[in-house]
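> Using this note's numbering, the letters of the sequence shown map in sequence onto residues 1 to 122.
Worth flagging that the hints you see were computed from the coordinates, not collected in a lab.
There may be inaccurate statements among the hints.
[Stated by the list, open to error] Simulated crosslink set (DSSO-like; lysine-lysine; CA at most 27 Å straight-line):
1. Lys24 - Lys105
2. Lys54 - Lys104
3. Lys104 - Lys28
4. Lys24 - Lys54
5. Lys67 - Lys28
6. Lys67 - Lys24
7. Lys67 - Lys104
8. Lys105 - Lys28
9. Lys24 - Lys104
10. Lys100 - Lys54
11. Lys28 - Lys100
12. Lys67 - Lys100
Nothing here was measured: the structure is a model prediction, and the numbers come from that model.
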Amino acid sequence: MTNDFQIVFHNIDQSTSISDAVNKRISKLQRFCDRILAGRVVLDSPHNNHHKGKVYSVGLEIHTPSKEVRVNQEQHDNHAHENLYVAIRDAFNAAERQLKAIDKKHRVERNHEFSELEVSGL
Numbered sequence: 001m002t003n004d005f006q007i008v009f010h011n012i013d014q015s016t017s018i019s020d021a022v023n024k025r026i027s028k029l030q031r032f033c034d035r036i037l038a039g040r041v042v043l044d045s046p047h048n049n050h051h052k053g054k055v056y057s058v059g060l061e062i063h064t065p066s067k068e069v070r071v072n073q074e075q076h077d078n079h080a081h082e083n084l085y086v087a088i089r090d091a092f093n094a095a096e097r098q099l100k101a102i103d104k105k106h107r108v109e110r111n112h113e114f115s116e117l118e119v120s121g122l
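Let the sequences and hints guide you as you build the complete structure.
Structural data, given as structure tokens:
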């Protein structure tokens with residue numbers, strides 16, 4: 001299937017290292033879930049709190065034929081998300097869990113359909 005991903009930088013300077021990290025995570029998702037049609041990744045630094053530091057958020061929208069997966073890692077109290085790469089990792093890990101659940105459900109449904117066909121003699 002064709003995969004069209006858009007990477008959006010909001011309040012963050014665009015860099016090739018960040019884009020490469022995101023593209024690497026996208027490739028990993030596509031390796032185990034070939035049903036991905038398109039997606040959008042939004043990297044954001046909502047506000048700069050002088051006491052807590054800069055906390056990043058990462059939003060993902062991933063479209064499959066059966067469902068749309070949405071992940072929003074906006075954890076203002078999570079100091080780990082002061083590192084953009086950690087926020088990217090956490091968002092993609094959450095998306096991976098959701099896609100694995102969708103893929104597992106799809107496989108179970110397809111196996112059930114094939115079992116019914118075998119029983120009916122087709």
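> It remains to establish, for every hint, whether it holds in the given structure.
The hints, checked one at a time:
Of the supplied pair hints, the one linking Lys24 and Lys105 holds, its CA atoms being roughly 26 Å apart against a limit of 27 Å. Between Lys54 and Lys104 the alpha-carbon distance is near 37 Å, which puts this suggested pair outside the 27 Å criterion. Between Lys104 and Lys28 the CA atoms are separated by roughly 17 Å; this keeps the pair inside 27 Å, and the hint holds. Note on Lys24 and Lys54: the hinted pairing holds, with a Cα-Cα distance of about 24 Å set against a maximum of 27 Å.
Our distance criterion of 27 Å between C-alpha atoms is met by Lys67 and Lys28, whose separation comes to about 19 Å. The suggested pairing of Lys67 with Lys24 holds, with an alpha-carbon distance near 23 Å, which does not exceed 27 Å. Restraint check for Lys67 and Lys104: satisfied, since their Cα atoms lie roughly 13 Å apart, inside the 27 Å limit. The straight-line distance between the Cα atoms of Lys105 and Lys28 is roughly 20 Å, inside the 27 Å bound, and the hint therefore holds.
Between Lys24 and Lys104 the alpha-carbon distance is near 23 Å, which keeps this suggested pair within the 27 Å criterion. For the suggested pair Lys100 and Lys54, the alpha carbons sit about 31 Å apart, so the restraint of at most 27 Å is broken. Restraint check: the Cα-Cα separation between Lys28 and Lys100 comes to about 12 Å, which is no more than 27 Å; the hinted pair holds. Simply put, Lys67 and Lys100 have alpha-carbon atoms about 12 Å apart, close enough for the 27 Å limit, and the pair holds.
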